[in-house]
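The whole structure should be built from the sequences, with the hints applied where relevant.
One letter stands for each residue in the lines below.
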Amino acid sequence: MKKNANLACEFIGIKSINPFWLASAPPTDKAYNVIRAFEAGWGGVVWKTLGEDPAPINVSSRYGVHYGQNRQVVGFNNIELITDRPLQINLDEITQVKKDWPDRVIIVSLMVPCEEEAWKNILPLVEATGADGIELNFGCPHGMPERGMGAAVGQVPEYIEMVTRWCKQYCSLPVIVKLTPNITDVRKPAEAAWRGGADAVSLINTINSITSVNLETMSPEPSVDGKGTHGGYCGSAVKPIALSMVSEIARNPETATLPISGIGGISNWRDAAEFISLGASNVQVCTAAMLYGFKIIDDLCDGLSDWMEKKGYQNISDFSRMAIPNTTDWKHLNMNYKRIAHINQDACIQCGRCFAACEDTSHQAILKTGDIGNREYTVIDEECVGCNLCEITCPEPNAIVMKDIDTGQPHLSWLHHPANPYREKP
Amino acid sequence: MSMTQDIKSNRLPNSEIFDNFSDMTPPLTEKQVLVASERCLFCYDAPCIDACPTDIDIPLFIRKINTGNNHGAAKEILSANILGGSCARVCPTETLCEQACVRNTCEEAPVEIGRLQRYAVDRLDKSLPYPFTRENDTGKHVAIVGAGPAGLSCAHQLARNGHQVTIFEAAEKSGGLNEYGIAQYKLVDDYSQKEIEFVLEIGGIEIKYCQALGRDISLAQLREQHDAVFIAIGMSDVNALNIPGEELAGVEDAVSYIRDLRQEDNLANLPVGRRVIVIGAGMTAIDIAVQSKKLGAEQVSIVYRRAQSSMGASEHEQELALKNGVNFICNAQPKQILGDKSGITEMQFCRTELNSSGKLITTDEVISIECDVVFKAIGQKFEDSPLGGGEKPHLDNRGRLAVNENYQTSLNGVFAGGDCINGKDLVVEAVDHGNKAAIAIHQQLSKNTAPKTQL
Ligand SMILES: Cc1cc2nc3c(=O)[nH]c(=O)nc-3n(C[C@H](O)[C@H](O)[C@H](O)COP(=O)(O)OP(=O)(O)OC[C@H]3O[C@@H](n4cnc5c(N)ncnc54)[C@H](O)[C@@H]3O)c2cc1C
Ligand SMILES: Cc1cc2nc3c(=O)[nH]c(=O)nc-3n(C[C@H](O)[C@H](O)[C@H](O)COP(=O)(O)O)c2cc1C
Ligand code: SF4
Ligand code: SF4
Ligand code: SF4
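Residue numbers (numbering that gives the first Met the number 0), protein chains in the order written: chain A, 0 to 425; chain X, 0 to 454.
Hint data in this document are derived by calculation from the structure and do not stem from the laboratory.
Any given hint could be a false lead.
[Stated by the list, open to error] Just a few of them, taken from the derived set where beta-carbon distance is under 10 Å, the chain X residues facing chain A: (1) LEU27; (2) ASP44; (3) ASP49; (4) LYS207; (5) CYS209; (6) ARG305.
Values in this document were obtained by computation on a predicted structure and should not be read as measured data.
Note that the Cβ used here is the ideal one computed from N, Cα and C, for glycine as well.
Here you go:
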C-alpha cells in the first residue's frame with residue numbers, strides 16, 4: 000500500500016492516515032468487510048449503525064436503481080435497516096479490529112430510541128470497545144422513522160439537541176451528528192447539534208426516493224412480494240444536493256466553526272476535493288465502494304495527493320473551505336459580468352445539438368449555415384446570454400468554450416442595480 | 000455450368016459450406032444494442048438522414064430503440080422504407096448513412112445504423128395491429144411490372160393510398176435481386192420472401208407470376224387496361240468482354256451463376272472451378288469472388304484493368320474479399336481466353352498504365368493466368384426489348400429508361416424506377432424510386448376522378 004504523506008489529517012482530534020472513511024452501511028457491517036477495507040487502504044470506517052437488541056430483521060429485495068446511459072448506475076436506493084446482527088457480536092468485533100488496526104479510525108454509528116435510558120445504557124458499552132468516536136444516525140429515512148428513530152429524530156431540531164447532549168454527558172468520545180437531507184433547511188438541525196455540544200456533523204444520509212415503478216406489476220422498486228416503499232437514495236446523483244447542504248452549514252455564521260464530515264455521492268478524488276473545498280474536513284464514501292469494491296481507495300488517495308502536490312497544498316486543511324468565500328447569495332452576483340459561447344470549428348463535429356437546444360429552448364443565439372457536409376454552427380454574439388446550455392449539451396469536450404467578455408463596467412449587484420426598486424442607495 | 004477442366008461440386012464438406020454461407024453480420028445482442036444506440040447523438044437535421052436515399056429518421060428510431068420502444072422504432076423505419084429489413088442487411092452503409100455519421104469525425108467509428116435498423120425491424124411486434132392502414136378503395140388500378148424492390152415499394156405505397164395494384168412478374172418468385180442476386184450470406188433464412196409477405200399484408204396487391212412484359216403481355220395492353228403503369232424490371236442484360244475465347248465453356252456470367260446459387264437448396268451441389276478469375280471491380284465482382292471461395296475454389300483472383308483505388312467496390316467490400324482469401328490483380332486488361340472443347344485453361348491480360356495525359360493505355364507486357372472458370376462481372380445493361388415494338392418510352396444516354404422528376408417516362412401515365420433508370424443501382428435507391436413514383440402516380444390519379452374500366 001502506498002503512503003501519501005500529505006493526506007494524513009486530523010478530524011475532531013482523531014488522527015487518520017487519509018481523509019477517506021467508509022460511511023456507515025453494508026461495507027462496514029462486520030469485521031470481515033472492515034478488515035478488507037483497511038487492507039485496501041481506507042483511513043477509517045463508521046461502523047454500520049448499532050441499535051438495541053433484538054436487532055431488526057431485513058426484507059429480501061432491498062435495493063432499487065436509477066440507471067443512466069449504458070446501465071451506468073446514476074444512483075440507487077435501499078430499504079435496509081440498521082445492523083441486523085446482535086449488539087454483542089458487533090461490539091466484540093469492533094474491539095478486536097481496533098486492537099489489530101490501531102492506526103485506523105473506527106467510529107461507531109448508533110441509533111436507539113429517543114429515551115435517555117436507552118442512550119445511557121449503550122454508550123458505555125461502545126466506549127469500552129476502544130472506538131475513536133460515535134456518530135448519531137439521525138438520518139435513516141425508511142423503516143426506522145416508523146419506529147420513532149432515524150430521520151424521525153433528525154427532522155426535529157429539539158430532539159437532536161437533546162440526544163446530542165445525553166451523548167456528551169454519558170460518554171467521553173467525540174460525537175458526530177449525522178444529518179438527514181429530508182428537511183427544508185439543513186442549517187436548523189446543524190445548529191441544534193452545535194447547541195447540544197456535537198463535535199461535528201456528517202452529511203448527508205440518504206434521500207427519500209422511489210427509483211422506479213415496475214410497469215408490469217405496478218409495484219415500486221425494490222419490490223417485496225409485489226409491494227414497495229420509499230427508500231434512501233444515494234450515489235453520484237445525490238452529490239450536488241449534498242455539496243450544497245455542506246456549504247450551507249459552512250457558510251452559516253452560527254455553525255461556521257462546526258467541523259463537517261462530507262458524505263453523498265463521492266465517487267472519485269475530484270468529488271472529495273470539492274466537498275473539502277466547500278466545508279468538509281474529511282469525507283465518507285458508501286455507494287462508490289458498493290459498486291466497485293474497496294480498490295477505488297487507491298485512486299481516491301493517489302488522485303487527491305497528486306493534485307494537492309501540483310497545487311502546492313501541503314495538507315488537507317490548506318484547501319479546506321477555500322471555495323466558501325466564493326459561495327454567496329444570488330443578490331451579490333455581478334450583474335455586469337458577461338460571458339458568451341464560442342464554437343471552436345476545429346473541434347465541432349456538426350451534430351447540431353447546440354442549435355436544437357438554443358433554438359428550441361433558449362435564446363436563438365446559434366446560427367446554422369451551409370449544407371450537410373460543410374455545415375457550420377456559429378454563435379450570434381449579440382443574442383447569447385451566456386447560459387451555458389450549448390456547452391452542456393455539446394458532446395465534444397472542446398468544441399464550445401464560454402468566453403469572458405470585458406464589458407468595461409464595474410461590479411454591480413442586484414442590491415445596487417438601477418432596475419431594483421428596493422436597491423440600496425450608496 | 001458444364002463439367003469441364005477442374006470444375007466440380009462438393010469441394011468442401013456440406014457442414015463447412017453451411018457455415019460459410021451463414022449470416023455474415025449477425026444480429027446485435029441486447030447489450031450491444033444498448034451500447035450502439037447510446038452512441039447516437041440525436042443530431043439536429045442529421046446528416047445520416049440526408050445520406051439515406053429513403054430519408055429514414057435515423058436519430059428518432061435509434062432513440063426509440065434506446066428507450067425500449069422497439070416496435071415504435073420499427074414503425075419509424077418501415078414508414079419511410081417498407082423494405083427497411085432487407086436494406087438493413089444489404090445496404091453498403093459505409094458509403095451511405097454511416098459514412099455521413101458525425102461520430103466518424105473524432106472517433107473514426109460511426110454509429111452502427113444498419114445493424115440497429117435490423118434489430119428494430121426484427122422486433123416489430125406481430126401481436127399488435129399491422130402498422131399501416133389502407134385508405135378506402137379509390138377504384139383506380141395500377142399495373143406494376145417487376146416485383147423487385149422498386150416494384151414492391153411502389154405497390155405498398157399505392158395500396159396504402161387505396162389504389163388497386165397488379166404486379167406482373169416474369170420470375171416464379173418475387174423480390175427481384177433480393178431473391179436472385181444479393182450475396183447469400185447477406186440475406187439468410189429466406190428473408191426476402193418473409194419480408195414480401197409482410198408487404199402484401201396491406202391488401203390490395205396482386206402478384207401475377209411468370210408474366211413477362213414483352214412475352215406474355217405488352218406495354219400497350221397494360222396502358223389500356225390500367226390507370227397507370229410503373230416499370231421496374233431492373234437490368235436483364237450484361238456487358239460483354241468482346242475478346243477471343245469469350246464463348247468457351249467455363250466463361251460465365253456472374254449474375255446468372257449467383258442466381259442459380261441463390262435458388263440452390265444444397266450449395267455443395269454447385270459446380271465450382273478450382274482456379275477462378277473474376278473480371279470486374281464492383282459489388283458483383285466481390286460477391287462472386289467471395290462466394291466462389293466460400294464454395295471451395297482454391298484460387299480466386301479479381302482482375303481489374305485500372306488501379307485498385309479506382310475500384311467501384313467500397314474499401315469495406317474489398318477488405319471482405321481479402322479476408323476471404325481473394326487476391327486482386329490490378330492494371331490488367333483482358334486480352335483473350337485460351338482453351339478447347341473441354342474447357343478453358345488460361346486467360347491472358349495486357350498490363351495497363353496511365354499515360355502522361357492520365358489516360359489508361361495497354362503496354363506490350365502480357366500476363367497469363369491459369370484458370371478453370373472466368374466470371375464476367377463487368378456490369379449489367381438495361382434490355383429494352385420487353386418494351387415491344389409499338390409506342391416506346393425514350394431511353395437516356397446510358398440506354399436506360401428516361402424519366403422526369405416525377406419518375407414519369409416520355410409516355411403519359413407510364414412511370415419507371417429502380418435499376419432500369421439511371422442511379423446508384425442499390426436496393427435502397429430502388430425503394431426510394433418506388434416510393435416517389437407512387438406519390439406522383441397517386442397525385443396524378445387523384446386529379447383524374449373517373450376510374451378506367453377494370454380488367
Ligand atoms: C450480384 C448483385 C449483388 C448486389 N448486391 C447488392 C447489395 O449488397 N446491396 C444493394 O443495395 N444492392 C445490391 N445490388 C443491386 C440491387 O440488387 C438492385 O439495385 C435492386 O435489386 C434493384 O431493384 P429493382 O426493383 O430496380 O430491380 P430488380 O431487383 O432487378 O427487380 C426487377 C424485377 O423485375 C422482373 N422482371 C425483369 N424483366 C421483366 C419483364 N420483362 N417482365 C416482368 N418482370 C420482369 C425481375 O424478375 C425482377 O423480379 C446487387 C446487384 C447484383 C446484381
Ligand atoms: C444499503 C445502505 C445502507 C445504509 N445504512 C446506513 C446505516 O445503517 N447508517 C447510516 O448512518 N447510514 C446508512 N446509509 C447511508 C450511507 O452511510 C451514506 O450516508 C449515503 O449512502 C450517502 O453516501 P454515498 O452516496 O457515498 O452512498 C446506508 C446506505 C446504503 C446504500
Ligand atoms: S448481491 Fe445478489 S446475491 Fe448478493 S445478496 Fe444481493 S441479491 Fe443476493
Ligand atoms: S453541439 Fe458541439 S459539436 Fe455539436 S454542432 Fe454544436 S458545437 Fe458542434
Ligand atoms: S449522424 Fe450519427 S450520431 Fe448523428 S443522428 Fe445520425 S447516427 Fe446519430
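The hints, checked one at a time:
1. LEU27: 14 Å, violated
2. ASP44: Hint holds; ASP44 (chain X) Cβ to chain A Cβ min 5 Å, cut 10 Å.
3. ASP49: 5 Å, holds
4. LYS207: 42 Å, violated
5. CYS209: 45 Å, violated
6. ARG305: Violated - the Cβ of ARG305 (chain X) stays beyond 10 Å from chain A, reaching only about 27 Å at its closest.
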